[in-house]
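*Asks:* Given chain A, work out where chain B should sit, using these hints.
Those protein sequences? They're chains A and B, same order as listed. Counted the way my numbering counts, the first sequence spans residues 1 to 117. Counted the way my numbering counts, the second sequence spans residues 1 to 110.
Any given hint might turn out to be false.
Claimed, not checked - List of simulated lysine-lysine pairs, DSSO-like, C-alpha gap at most 27 Å:
(1) K109(B) / K5(B)
(2) K5(B) / K20(A)
(3) K42(B) / K64(A)
Hints are computed from structural coordinates only; laboratory data are not their basis. Computed from a predicted structure; not experimentally measured.
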Amino acid sequence: GAVVSQHPSRVICKSGTSVKIECRSLDFQATTMFWYRQFPKQSLMLMATSNEGSKATYEQGVEKDKFLINHASLTLSTLTVTSAHPEDSSFYICSARDSGRTSYEQYFGPGTRLTVT
Amino acid sequence: QQQVKQSPQSLIVQKGGISIINCAYENTAFDYFPWYQQFPGKGPALLIAIRPDVSEKKEGRFTISFNKSAKQFSLHIMDSQPGDSATYFCAAINAGKSTFGDGTTLTVKP
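Just chain B, with the same shape it has in the complex:
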């Protein structure tokens, strides 16, 4: 049973637009929610993370919105740039162990 569902599978956005990636989880024991960016042939890099007692966290162009009652969280990339083209993974952590979403391939067209 997949515990973290991520959508969409792929996303194409024009340069300067907003990229939105969504994740939903089922296990209410999850207590930390990071987002990772991965370029081809590289390991994932931590982008931004949030705890469930916070509804929103912003770092530069990246914002996480968290809805605890709906068990959903999303990543917003403002002013998307071609350099943001990568695969993005959400994750949910319980007792230190991470469960990853299936990933979203983002393409930002110039």
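One chain only, chain A, in its complex shape:
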């Protein structure tokens, strides 16, 4: 149980284009999902908290107009990197919290490797 999927696992796009990454909770409902960014050999940096049916909460320094988050259902959140640039190349990871549990445990997706050329 508690499986989170991400799609795509890898994506290469040209500078200036937009890329959408999907995060799905497969066997539980998640009113709250989180989006992280991870650089090589570094820790996870929280970008934003995604709440179903409401606007995402972005961390300080994260451009909300560049990283668009939509959490339209209890099992799906999407992150769209708009007008991507090479410096946006990174490993993006989502996580989800099980709405049916009172614990704070987060279940992570397998990540999406974005390369902007």
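*Replies:* Relative to the frame of chain A, chain B by itself:
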């Protein structure tokens, strides 16, 4: 200001040995402390977690020791195996939001 400090940055242990990774936090509002294991190119996987009202939790070869007064907690991996070679992250959670340590790269030599 980093709220969760993790050490060591890297660790090499012989097969069968004990791996110990330490974390220290400053914010006393943290109320849940999970450990994650991450393999290259994969997302983190929850290993074990503890609440601050418990001093120790054991699950298989993995044990968390928690010292509330010192604001420290550690992960012990008993009988370490080459398959345990990965990066380990501690985290501390407050109001549902996680703060991660910088990670420890563990290498278990056969």
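*Asks:* For the pair supplied as a hint, K5(B) and K20(A), confirm whether the alpha-carbon distance does not exceed 27 Å.
*Replies:* violated, 33 Å
*Asks:* Between K42(B) and K64(A), is the straight-line Cα distance small enough, at 27 Å or below?
*Replies:* The hint holds at about 26 Å.
*Asks:* Just to be careful, I want the Cα atoms of K109(B) and K5(B) compared with a cutoff of 27 Å; is the pair within it?
*Replies:* It holds: about 26 Å lies between the C-alpha atoms, which stays within 27 Å.
Hint compliance for this structure: hint 2 is the single one not met.
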